[in-house]
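Novice: Chains as they are written, first to last, in the working numbering: chain H, 4 to 293; chain W, 4 to 293; chain Y, 4 to 293; chain U, 4 to 293.
Careful, some of the hints might be misleading.
[Said to hold, decoys possible] Pairs of lysine to aspartate or glutamate, EDC-like flavour, derived with a Cα cap of 16 Å:
(1) 101/U <-> 245/U
(2) 108/U <-> 62/U
(3) 191/Y <-> 249/U
(4) 154/H <-> 127/H
(5) 72/H <-> 54/H
(6) 282/H <-> 269/Y
(7) 191/W <-> 245/H
(8) 191/W <-> 249/H
(9) 282/Y <-> 269/H
Honestly, the hints are just simulated from the structure, not real lab data.
Here are the chains, one letter per residue:
Protein chains: 4
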Amino acid sequence: MIQSVAFIGLGAMGYRMAAHLPQHFDTVYVWNRNFEKAQQHATEYGTQAVDLPQAVQADVIFSCLPTSKEVEQLIASVSIKSGAIWVDCTSGVPESAKFLSEQLKLQQVDFLDAPVSGQTIGAETATLTVMVGGETTAFENALPAIQAFGKLIKHVGGAGAGFSVKAVNNMLLAVNLCSVAEGFTALKAHGVDLHAALDCINASSGKSGVTETVLPQRILNRSFPLTFALPLLAKDTGIALDLIREAKLSAPVIALTQSLIQASSDLSNQDSDFSSAVKIYESWSKITLE
Amino acid sequence: MIQSVAFIGLGAMGYRMAAHLPQHFDTVYVWNRNFEKAQQHATEYGTQAVDLPQAVQADVIFSCLPTSKEVEQLIASVSIKSGAIWVDCTSGVPESAKFLSEQLKLQQVDFLDAPVSGQTIGAETATLTVMVGGETTAFENALPAIQAFGKLIKHVGGAGAGFSVKAVNNMLLAVNLCSVAEGFTALKAHGVDLHAALDCINASSGKSGVTETVLPQRILNRSFPLTFALPLLAKDTGIALDLIREAKLSAPVIALTQSLIQASSDLSNQDSDFSSAVKIYESWSKITLE
Amino acid sequence: MIQSVAFIGLGAMGYRMAAHLPQHFDTVYVWNRNFEKAQQHATEYGTQAVDLPQAVQADVIFSCLPTSKEVEQLIASVSIKSGAIWVDCTSGVPESAKFLSEQLKLQQVDFLDAPVSGQTIGAETATLTVMVGGETTAFENALPAIQAFGKLIKHVGGAGAGFSVKAVNNMLLAVNLCSVAEGFTALKAHGVDLHAALDCINASSGKSGVTETVLPQRILNRSFPLTFALPLLAKDTGIALDLIREAKLSAPVIALTQSLIQASSDLSNQDSDFSSAVKIYESWSKITLE
Amino acid sequence: MIQSVAFIGLGAMGYRMAAHLPQHFDTVYVWNRNFEKAQQHATEYGTQAVDLPQAVQADVIFSCLPTSKEVEQLIASVSIKSGAIWVDCTSGVPESAKFLSEQLKLQQVDFLDAPVSGQTIGAETATLTVMVGGETTAFENALPAIQAFGKLIKHVGGAGAGFSVKAVNNMLLAVNLCSVAEGFTALKAHGVDLHAALDCINASSGKSGVTETVLPQRILNRSFPLTFALPLLAKDTGIALDLIREAKLSAPVIALTQSLIQASSDLSNQDSDFSSAVKIYESWSKITLE
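Okay, chain H solo, but in the shape it has when bound:
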């Protein structure tokens, strides 16, 4: 039985995810590097802003940080309650999940890699998809806590499996961004009506999350709202390529896409939305996708 939960890392996602916890648990600790954010959360949602040593005394400890590096540093700096489950919602590195899983086992702590998808709106409405890697028992024990913000919650394999699925998902998003940009640039060059073409493709076999959502809502309307930064997508495609390399597989489309997203990210501002990856094509063709 989970008596207490903690949430570490109150960024755009974490802040909203943690907001659902008090409805399900009496004791909800929150912590954030910029501590004012934690205090604001406590005021707004009835959580308890505590210092880090206390936060890691909870039964279930969530973390949601920029990269696995921050998670590793944070975990190395604290003494976690024996018997706790650490649920890391970062879009992290599978190798790091395996390492942390081994390390924490020595302290009788379970580690689950549990990245989420669904963006800030999914965090707000507690309808996130959560892909979980780690031991089955730990997954089952942590499930009631994860359900506070997740809708589709799947145990996808052992340590690192959750991060792997997230990386592949984001790689597929990246592939679609590139190929859709290439295809629609060609259509525009040939005088095709892009909106009519999009309607057809969205009713056909070539559709994807990018054609259904990203292209109409972020690109064609030239809004590129920052909800997921392009450098983070570049990082995730790198994680996916590392999965390929570690298994000594041949994945030419993934390898090429990683190069293109990396180049596009290198050419962009740090705070560009992932959808602005298409601008590298616009710089080449002088054709604007609108």
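Given chain H's structure and the hints, the job is docking chains W, Y and U onto it.
Specialist: Using the frame of chain H, we list chains W, Y and U on its own:
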């Protein structure tokens, strides 16, 4: 006002598309190279199996043939009724549509390139998506006939625009086939549960027609049912790449995918379903997507 | 026996190539769109600047123009002497060579596609490599004239074969430009001494014309002297890719390189040297190859 | 002053490299896992076959093993003489060189990564190219020993720089293998005489080590003699790609080539020569490069 319609080419798609015409038009001619097919259609659906010279006397003439080459040969061999509209539902070549459009204009015949998507089930239930290129007046005049089998019917641009959209759609399908095969092979190599991963991705930003339909219904269950042959997908990716070349664009993901689908098709039987393109990856990795 | 020769197109290459002809033939006509160039050539080298109708009365007529399109237009505008041999030294399109070969045969004129390599220095010293496509007899008959500026002269196949070899050569140059830029950028990022590395590679299996000449003489010294414009290299890589497409082959490295050179050309000034293709990588990595 | 040298790993390269040492040094230890090879070497060249603990008491210790993994294991198992220099001629991993360099420094041992190129013939004639990473003083001290088998010997940078240059060299070799196979397949498909084409390209800007040596001597004559195994080339292309990833660079041609060589290696026997990488293209096109 359309008094008579004709349908030329009663393959898996055409046979079912033509079946809806008698509900809307009194005079429906059908013709097929293997003429028994036309006679069978007449018996089954109340159409009239006629010879080719008579078929091309209809107000609206549909064609649905393997490639633009067959359409060009057929049109070169007949004398079409002046004032007719030729609606070509083949997945054809944009350049050919421009050529035929010019040629037929000399005979006072309008040409529309109007490829369809939705597979045989869409043809059966008259819910096909139809992407139409050509002149607006011709489109408006032919629309009532197209509505017999189409649900979403869009005028996407001038001559060749319909073929262009279809080629790009099928190219996006091809890109997704390759990238999903690459990604899921990596997941399996790392011990991830593919079905659980698929559920997560289909609720996330990386989803596509391939993850939603092709992967679970054709690949993971190892059925590879032949509904759209891999060599035809290879042909369509070639059309898409030619669009890129003609406009002197840079489209690395499309160019690479065309190479991979071409190689995969070259390695397969002629009557392999398009979904078996993933087998080239299986031959490399010795990992079966199931 | 060749009594008279003509040279049409006195650009950077043609001007120097034509200069050798008077040493071997009594009658040498020259013609250029900007006719002052022809007159200057006559003064300088003892050739005869004549109008186009007279130039095409020579026994052997050389042309050296920017693309096959200019050659086609020029040939369509003149009446060539029956029995003449037209030797086109343009870096042209194989399909065009086949077309012109057929056309000229009707006028009893032989056509050879005979592109050259060796740059302006090779033209000056009459040491060009000439790769010739067309009929064997025509090749043998034209050989004494070609020897005026060529050193290695090879009959590589039927009509279009010469252009094909040139296109593939330039594609290989393009592939090496890209891969060398990628590899040396990586070496510099890792703190390696590029000049020492280059010495090692030029004594090893990874060497190429690019590592031996282009990298040290044009790139690392940041000179990028214009001798062969990047848009022309982009055109040639397109010809190579079209060869692939026509034969329905799978050539992923060639297809990708064509995309990269096209993008690099689109980003550059029209009069950039081909070697400046590496600047697309420099714009991504912020690492300068010097 | 170097009094004694040792050579560890008497494979096809090491056996021949070690043979030159007795001409320059009085004390030459050799060691090999299969010890008979060491004893044979002693008999043949006057070296001393000793056990591993004694071998690592030499002033300069060479190693030449399949991968960095074997080097790491071997070094972890021995107690090296303080003040010695370890010169690793393996085609190894730059990260491993940095790690071993740090480790050995603690034991007052210098580590140089010093991979070679020039094949067995270069080893036999003492004309190898040696690309050396590590500290300048160590390089200068070890140089007299390296000169026993090396001709062009370059200090290319700090720890790992030698391995990096070797990896990039072999990647460029791999890129050329793929692009030459693609280009010559296209030429053959278009009826071009491959030998005549090769002569032209070898006198032109597209030439490379592959066109000058590998294509005529290993591929076109269908000999594919095993001197450097394809799986080792696949390993080296992986090292090059890792260099790209670590520096977060975009290198699409390298990334794609790594995928193709990996696939080609996966399809081949373990003991296939690297040149047989072209067979993946032959399996696609049914066109044999001969």
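Novice: Hint compliance check: list the failing hint numbers for this structure, sorted ascending.
Specialist: Structure breaks hint 5 only.
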